[in-house]
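Residue numbers (my numbering), protein chains in the order written: chain U, 889 to 1090; chain F, 90 to 403; chain Y, 10 to 667.
Treat the hints with care, since some could be wrong.
[What the hints assert, rightly or not] Partial list, derived from the structure: chain F residues whose beta carbon lies under 10 angstroms from chain Y: (1) V237; (2) M276; (3) D362.
[To be verified] Below, in silico cross-link-like pairs of lysine-lysine (PhoX-like), each with a Cα-Cα straight-line distance of 20 angstroms or less: (4) F:K326 x F:K228; (5) Y:K383 x F:K175; (6) Y:K320 x F:K156; (7) F:K172 x Y:K657; (8) F:K156 x Y:K383; (9) F:K172 x Y:K593; (10) Y:K657 x U:K904; (11) Y:K657 x Y:K593; (12) Y:K383 x F:K160; (13) F:K360 x Y:K537; (14) F:K228 x F:K346; (15) Y:K569 x F:K172; (16) Y:K320 x F:K175; (17) Y:K569 x Y:K579; (18) Y:K225 x F:K172; (19) F:K205 x F:K126.
[To be verified] Between beta-carbon pairs, the in silico distance windows are: (20) F:V356 x U:L1087: 32 to 42 angstroms; (21) Y:W59 x U:K1052: 21 to 31 angstroms; (22) F:I141 x Y:F104: 25 to 35 angstroms.
Source of the hints: derived by calculation from the structure; they are not laboratory data. In this text, a Cβ means the ideal position worked out from N, Cα and C, and glycines have one as well.
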Amino acid sequence: METTTTTKGYQPMEYKSEEGRLKIFGFWIFLGAEIVLFSTLFATYFVLVNQTAGGPSGKDLFEIHIFATETFLLLTSSFTCGLAILYMRRNSMKGYLIWTIITLLLGLGFLIMEIEEFAMLVEMNAGPTRSAFLSAFFTLVGTHGLHVTLGIFWVIGVMIQVIKRGFTPVTSRKIFMTGLYWHFLDVVWIFLFSTIYLLGVV
Amino acid sequence: MRLKTGYVAIFFTMALLLSGCSSLKTGVLNPQGPVAKEQYDLIMWSIILMSIVFVAVIVLFVYMLVKYRAKSTDEEYVEPEEKENKWLEVIWTTIPVVIIIALAIPTVKSTFKLEKSPSPNQKPITIQVTSADWKWIFKYPEQGIETVNYVKIPANVPVRFELNAVGPMNSFWVPELGGQEYTMPGMTMYLWLEADNPGTYIGRSANFSGKDFTHMQFNVHSVTQSDFDAWVANVKKTAPKQTEAMFKELLKPGLVKEQTYSSYPDVDVNKLDENGKPILEPTTPHHHGTTEETKEEKKPENKSTDSHSHNHHH
Amino acid sequence: MKDFLFNFKMPEHFLVTGDPLIYGAQVSIVLASLAILFVLTYYKKWGWLWREWLTTVDHKKIGILYLLASLLMLFRGGVDALLMRMQLSAPNLNFLDADHYNQIFTTHGVIMILFMAMPFLIGLMNVAIPLQIGARDVAFPALNAVSFWMFAAGCMLFNISFVIGGSPDAGWTSYTPLAGNQLDPGPGQNYYLLGLQIAGIGTLVSGINFLVTILKMRAPGMTLWRMPLFSWSTLITSVIIIFAFPVLTIALALLTLDRLFGFHFFTLAGGGSPMMWANLFWIWGHPEVYIVILPAFGLFSEIFSTFARKKLFGYGAMVYSMLAISGLSFLVWVHHFFTMGSGPWINSIFSISTMLIAIPTGVKVFNWLFTLHKGRIEFKTPMLWALGFIPVFLVGGITGVMLAAAPADYQYHNSYFLIAHFHYVLIGGTVYGCIAGLVYYWPKITGFLLNERLGKWAFWWFTAGFNMCFIPLYIVGLKGMTRRMYTYPAGLGWETWNLIATIGAFGMGIGFIILVWNMIYSFRRGEKDTTGDPWNGRTLEWMTSSPAAEYNFAVIPKVKGLDAFHLMKKERAEGRKEETPEIKPIHMPKSEGFPVVMSAFMFISGFGFVFEWMQIGAFGLLGCVITMIWRSFNDYDRDYYIPVEEVKKTELAAGRRV
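Isolated chain U, as found in the complex:
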């Protein structure tokens, strides 16, 4: 593993260039804006949660085994994503690839389950046009799902670039940023899980 000899001591590769540092900092701020975005969606959800218009409420719809499995998949993927970055830091292409692919598979599994859940709800005449509650539910959970989808494409894209170019300051920065993004989605899911699903079934 390469280490720099600056006075600051060890610096990971993605932080070595000025550009890398700026972009990672900017990305943190972007995630701040994302937090506001999701907070707003959470707020609309809680305003409308009881507006079921005579239709089903969360209690009628949320199935513990589905969202528990979803949670398990996504939390595990966050862990494996962390491992992938650890192997990147150790300059191990093989470790990075293995853990990234596992992360992707877990993410994909999560996504498929969510899509099935949505399809099931629509089937039950509990789609987003059914009531204000369901509009808010689909929009909030769907926005998270859309983020996961984009995340999967992004991780794949970065992976291809890494395979082509190896670990460079640029590619390692990209890996690091996708990692941040992935963990962020995990954190959002923890809120979704606890305040929407868990409170919904209680």
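Once you've looked at the hints, dock chains F and Y against the given chain U.
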């Protein structure tokens, strides 16, 4: 030189303003009831406080401009080492705080006071106001009569207006009697007003509601209690009854003239949608939960897609 | 699938017809476009346009693009305003009918706030901020181009509604249920939602970009507490943007879902909440007011200090008061609907929080006044606009405090009193600030000085017209005239005041024309700014040549205190010897084509969704995503070095010591 032209222009505008003052005694500045009077007093108090600020800043401003303008005699100007002054900062932070406290206290007092009847010892009258595209409907639940685009109230009697809307929001505003309140679909709000004397006051909608919003002007006729009672009796005797079909027709977008009815149908406008159609709660085949009170309102023969199919484009 | 791909539902009126005004606009748009195409082709300027402007990532050029677009939008919004004033000049006029009037006041509001004021200020930030903090560019130059082109795409989309499909007509606030599908079907309101959404992305990206730039790219020695006030205000504004704009994104998205896909966020059926729109809109909307006012405050601070030839009075108090204002800006939104029945407790709390804003604002005004104290005030045009700001903003501010008193607001709300108030604040604060900033930075942008005489004429016409226009509106407001009326009956005592206001509005128009004429004139006859420091400036941007070289500074300056350039000049005058640092090769970003391509796809997507042609909308989004993927795969070798020789040559050509 240019500066002077500017001052002349500003002076001219001020002069114009002052000359117009005599004609200002209409609308908000011509309060004709206790609610408007309360608000008028608050407005005047705020104008006094703000005038102090205005004069102070303008005097300081003009002083600085005149005293420190660049002159040909001070070419040798050397920048003074003046950075800040703690005491000045404290002063011009404290004075606004004091002024704001002086304004905030009566503001809060009035805010709470206006929630209640302006004449608590007197028996109030209730009038239900509904705004629809683009008209005002006034129902008198105690008298059982209805008027459209005008309202008659007894003078010196507190009036509790209960406000709601069919379709877009409007705002019910009679400046000479008091401030406004929104009319909102699906929820009822209220506004207390009272007229001191018999007279006619103009009201209008203050919130944009579409094409003919501009024409949502109406008259409030304040009359003595005995005239009011005679008018009600007369309406009961002579005016037509309003059927549900007539009411539905009235809700359709458009302009109508003043109307008077000796009765009105029992329609809960809070259960109408944006287009004045009843909000129907559709049945859900897979519905296995229990929601309590909403159930009784259900009309099972309809589905939501029937009443607003234009929502669904996919 | 086939159904999805080839289903083009046409709205009732695709091209807006039936009105000579619109026909005229359509013809002139077509003619102007043809003329531009012809000129570009005839003079073989396509390559130049692509290389120098469409693909530029240079903050100075992006700034110019922003400024050009906002001046154009100021014109468009101004024409809207004059049309409205003409319609209202006398009672019962039929110059415009209700439908047209409703569209015009809606586009006037949206354009002035989102497509004029904000891009104007972001343009000035682009022009000045990197120079002011001693940087070579913003943190993310390519993203900066994305910001501009997203804004441009949103702005274009919003503006074509005038001729294709019809403009939105539910007011710039677009309250539901009026703006919902049930009461306002058709493309107009979709234009509002999608145009703002696309432009909003650009703004959010700008916010992030400037925050990172200011926090991370300041010249050595420039601590936060040595930053000029315009940089401070931009920093604070960026933070507000980052916290406020996601709320707008969501509000617009939810209403779009309601309108296009039958969701129930704001509808009465399905249990939606129309009032939630008002809340979401103003949770963004009130901070938005400060997004457009704080940068203006920053500009005024620079200008007062420069033309009074004195250090800004109470620098620390100025910064803290801006921080206080930005915090409070998120805590006052309910004052936009005191009359919506929130109850006495909520109204009282928001009354007081609103009044509190007067305290930091007052502190700022007094500090500005004391900056003049013992100074030597030169009445150059930028200073005139800055000085003019004080009394007019004062009028706006004190009427703002009056409006903050909830019970009194019951009498002002939605009346012309309110209209007069926020125009006094937004014109007196923001527009004065924009023009002051433009005139101040004009030599830095173009290398020419504006004509002082014409500049003063423009100022006095505008100021006189402005007061003449809006003082009467306070009065008709108190006389019961409500906003958004397309006409009014005679006999209510409103006629004279309205006529005066209309005359005033035309005075402002004349001021604007003189301003624009002055710009054109200065290009041909303006005095050249050879020093780079025409105003005896105090901050680093005046250290560079006018216009600044592509790389801004041949050598990054070292900052020793507040008003860094002023200190350097002082040291030089005292005869202290300057070290001549060595010029090194300069690292610069290459031009990028993807921002404009991506925004073009975004425009296509938006246009598709406006007409609910989902396949076009999806195609545009797909194009956008593909462009992003392409950019990610080509994110290598995006920079180059300017060799020392070339830097020296450029510096010598600008008459600088090397």
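Would you mind confirming whether the straight-line C-alpha gap from K383 (chain Y) to K160 (chain F) stays at or under 20 angstroms? Roughly 13 angstroms between the alpha carbons, so the hint for K383 (chain Y) and K160 (chain F) holds.
Practice prompt. Take the C-alpha atoms of K383 (chain Y) and K175 (chain F), compute the straight-line distance between them, and say whether it is at most 20 angstroms.
Written response: holds (17 angstroms)
Do the Cβ positions of V356 (chain F) and L1087 (chain U) conform to the proposed distance bound of 32 to 42 angstroms? holds (38 angstroms)
Given pair status - K383 (chain Y), K156 (chain F), alpha carbons within 20 angstroms:
holds (8 angstroms)
- Message: Against the 20 angstroms threshold, does the CA-CA distance of K172 (chain F) and K593 (chain Y) hold or violate the hint?
- Response: violated (38 angstroms)
Lying within 21 to 31 angstroms: is that true of the beta-carbon distance W59 (chain Y) to K1052 (chain U)? holds (29 angstroms)
*asked:* K225 (chain Y) and K172 (chain F) were given as a pair; does the straight-line alpha-carbon distance stay at or below 20 angstroms?
replied: violated (27 angstroms)
- Query: Given the hint that K320 (chain Y) pairs with K175 (chain F), does the C-alpha gap stay at or below 20 angstroms?
  - Reply: holds (16 angstroms)
- Task: With a cut-off of 10 angstroms on the beta carbons, see whether M276 (chain F) makes it to chain Y.
- Result: With a closest approach of 8 angstroms, the M276 (chain F) hint holds.
Hinted pair K205 (chain F) and K126 (chain F), Cα distance within 20 angstroms:
holds (15 angstroms)
Exercise. Does the structure keep K172 (chain F) and K657 (chain Y) at a Cα separation of 20 angstroms or less?
Worked result: violated (39 angstroms)
Do the alpha carbons of K569 (chain Y) and K579 (chain Y) lie within 20 angstroms of each other, as the hint requires? holds (12 angstroms)
Violated hints, in rising order: 1, 7, 9, 10, 13, 18, 22; the structure is consistent with all others.
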